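Chains as they are written, first to last, in our numbering: chain D, 1 to 505; chain W, 1 to 505.
Treat the hints as calculated values from the structure; they're not laboratory data.
All values derive from a computational prediction rather than experimental measurement.
Just so you know, not all the hints are guaranteed correct.
In this list, chains with the same sequence are indistinguishable; a pair is considered to hold if it fits within one copy or across any two.
[Stated by the list, open to error] Taking lysine-lysine and the BS3-like style, the derived pairs with C-alpha atoms no more than 30 angstroms apart in a straight line are:
| id | residue 1 | residue 2 |
| --- | --- | --- |
| 1 | Lys321 | Lys221 |
| 2 | Lys127 | Lys321 |
| 3 | Lys457 | Lys321 |
| 4 | Lys221 | Lys457 |
| 5 | Lys39 | Lys221 |
| 6 | Lys39 | Lys457 |
| 7 | Lys497 | Lys127 |
Protein chains: 2
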Amino acid sequence: MTMRPASYDGLIAQLREASLLGSCAGVLGWDERTNLPPKGSELRGNQMALLARLTHEMVTSPKIGEALADLESWVAQLPPDAEEAANLREIRRSYERAVKLPNAFVEEMARVTTRSQGMWQQARQEKNFQTFQPWLEQILKLKREEAAIVGYSDHPYDALLDEYEPGASTAQITQVFRELSAELVPLIAAIQQSGITLSTDVLEGDYPTDLQQQFGMAAAKQIGFDFDAGRLDVTTHPFCSGIGPGDCRITTRYNPRFFNEAFFGILHEAGHGIYEQNLDATHFGTPLGQATSLGIHESQSRLWENQVGRSRPFWDHFFPKLRQMFPSTVAGVSPDAFYAAINRVQPSFIRVEADEATYNLHIILRFELEQAMLTGDLQASDLPGAWNERFRTMFGLTPPDDKLGCLQDIHWSMGGIGYFPTYTLGNLYAAQFMEAAREQLGDLDGDFRAGEFGRLKQWLTDSIHRHGQRYRAETLCQRISGRPLSHRPLIAYLQAKFTPLYGLR
Amino acid sequence: MTMRPASYDGLIAQLREASLLGSCAGVLGWDERTNLPPKGSELRGNQMALLARLTHEMVTSPKIGEALADLESWVAQLPPDAEEAANLREIRRSYERAVKLPNAFVEEMARVTTRSQGMWQQARQEKNFQTFQPWLEQILKLKREEAAIVGYSDHPYDALLDEYEPGASTAQITQVFRELSAELVPLIAAIQQSGITLSTDVLEGDYPTDLQQQFGMAAAKQIGFDFDAGRLDVTTHPFCSGIGPGDCRITTRYNPRFFNEAFFGILHEAGHGIYEQNLDATHFGTPLGQATSLGIHESQSRLWENQVGRSRPFWDHFFPKLRQMFPSTVAGVSPDAFYAAINRVQPSFIRVEADEATYNLHIILRFELEQAMLTGDLQASDLPGAWNERFRTMFGLTPPDDKLGCLQDIHWSMGGIGYFPTYTLGNLYAAQFMEAAREQLGDLDGDFRAGEFGRLKQWLTDSIHRHGQRYRAETLCQRISGRPLSHRPLIAYLQAKFTPLYGLR
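My request is simple: use the sequences and hints to build the entire structure.
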């Protein structure tokens, strides 16, 4: 390998500075959702806009283009997953996307999506789709423009997807979702026809907020979230914000009469947080210090929330502690009954409340509809009708209003078209990674029963976290599991879980 | 008046942007002291350094110098306290100070003061002045250099003072402090010889933290702190951070066995906060939207904490509420006894715990010693001896160690030489302003007895807050009270309070 050119180091220094400034916006964004006094929101908007503008100026500086051009012939000699090659690959991808979009377009998008979030909120509250419809139309128009500007070879949706899941294609996701659906739908049907309804009464007892917090924090700590490098706070909409090395913050919301919301929310966000906390800090500010994709990020949260957190061995360890913490609420409930309660399958209207099996149908529905709207096959005005019809077919239920239907999610109002599939990709990757972990690490259930999660966490760090964006998602998947992404591990996992619970087969 | 040149608006826009970026650092600084996970401190240091650098680049941009030069002849025609004239006067002051100091000097100062705060902390903990001495020497050397670079006509201390109290002079402060001292020392002696010791037992009872918070927040709200445009949080070292319009945050610390710490701390910080919240938001980012000086800022905190918060009429209103909130702790204590307890005068070692009378002696001591160290009349190595000797003369007590002596305050380790006198200036201004308010508003005590603070708050806003830096402190004082700053109102206030409490005369 020829010596590393000085222009590479210069490029990296520039990007680090832009990321550092971006991380300041990360703090302000977290603060906005946790602490900002109501009258401070105009100032916060101005602060965020200034930081965004300054950061954008840094990442689209012509100097970056020049350095990338300079380094082209040098990087061509490197192996494709060498540190510098991977960094340059991803820097080029973001840079080209960023410079393609004219400033006026970016500003228009920011303006429309800011207004449209407010209108979506109002429409949702009023259960009146028409309030939101003209804004959705504007967003779709802008996203079509964006796809055209960014460019694509096959499907305009690819251009949008690329922002969240670099390297993924609409065709490939369509294929794997179709295969998933083909086995998932009969599984859910079998569950519904089993005649068994699992009781969730134990989850709806008395769970004082402060004790939930104590219990949730202890569990998050035990699976590996480092509270010396992070925090847990309360917000209406839970999230994880990886601000930078040593500072990753998660949030949750407590319902004093329902156990799942905070606890599985905390495990979920802690899963995201463990990924952020175990990125390689020496690469902070460059692609190698950043998460691979939203799908891979979601695989980490789903893995800890579901694959681990809703497993029987996990509760072998935690149920006695739960009983200690909430003695009267859990009194007389067996570990088996508790395990059944947290795993009940029940088609329902709201995605974020869905169980592990039906959740993916919610995603497939959105994935199909947003493609149709982008191409124009579906008009925005026809969305409620199309949603309800498709929902009836898939879930056997008709949403009584659009709040429980096509107005439930914020994503489209934020311009996040192409975002939804990453949730089910996360479930698929989680299952495939967990299968590989079980093959390579042996008796993980024994670990969980003993409250020991360090081996799994270390394996995830070695296999995924520490690489940052060195490998694209599909390469990572191949390296870890020896196979491309498939629906099979998730189906096998769901079948193994629900067959005994619902007396199937 | 000739038309406002476009270069004026351009200059203001540039400064607003720099202030907006500075306000982002304000959020990060607040977060650092309230929420930052321990492992995030390196990242936070890097973020703060970047924001400081970018802001410094903005405020020292040659464009600002050019605009100032351009506008010189135009501004000469304006009345000196016209909006634009005042803005340009203060912009010029900061700009000239900022560009005079070479970058290398600023960086060296930042480096030394960062290290030296750590060494001060260690020295204080170990009660070992020698650990801190070489750092104090370096700081003094740098501050002498700073004074020389910035320039002064009379005393090098003037150049440092100017940063905190623009327009004030060492000679003038020396004079007013001397006059104050001449009457204060005999007053304190008379109190000590009165043979009366006021009991503070009631303050040291059981005050649960959550109830203290509730009580303190209610009082802060009642005097006029707007919690829709601010917050109250907990920190080891209480402070007020005015981030910008609509966002001003105060902190306190709770001692469950001592009432004063949190309650009077909250009133104090709320006083600062009310100033910040009532600056003119349309001038945000320019001198007219910023507080006049540290002395004037402190006058607002002291006024609410002491002049109002430790007054008998205030407790006519609040004592019944206190008794309701802490029934067993306050049971059997009369309002008079409570009022006496919160006003006990007692010479003591620690400035921040001092009563209203002896507090100012703590400041005079520091003001004298830091001048002597700056000029070289006092060597850093001789500080502990000089401190203890002077302390004995002034307070009749000898500090048993340097933690209770010359190592108690953080200011010198931060390079804050010239900062201390603003505390007593605050007390002096508070008394003089309050005297004027009583003259102009009539029966304020009647307001306080009724729990009504709106008239006083509005008067302070009209007289002080809304002007920002339109007037320098001494002009403001003259406008409000018709006289230059004097020791008399403070002495008259202290005599009126302590004569009955200690049966003097």
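Comparing the hints with the structure gives:
no., hint, in the structure
1, Lys321 x Lys221, "within (15 angstroms within a copy, 42 angstroms between copies)"
2, Lys127 x Lys321, "neither (42 angstroms within a copy, 46 angstroms between copies)"
3, Lys457 x Lys321, "within (22 angstroms within a copy, 54 angstroms between copies)"
4, Lys221 x Lys457, "within (12 angstroms within a copy, 48 angstroms between copies)"
5, Lys39 x Lys221, "between (35 angstroms within a copy, 15 angstroms between copies)"
6, Lys39 x Lys457, "between (42 angstroms within a copy, 20 angstroms between copies)"
7, Lys497 x Lys127, "neither (37 angstroms within a copy, 63 angstroms between copies)"
Violation of the numbered hints given earlier is confined to hints 2 and 7; the remaining hints are satisfied by the structure.
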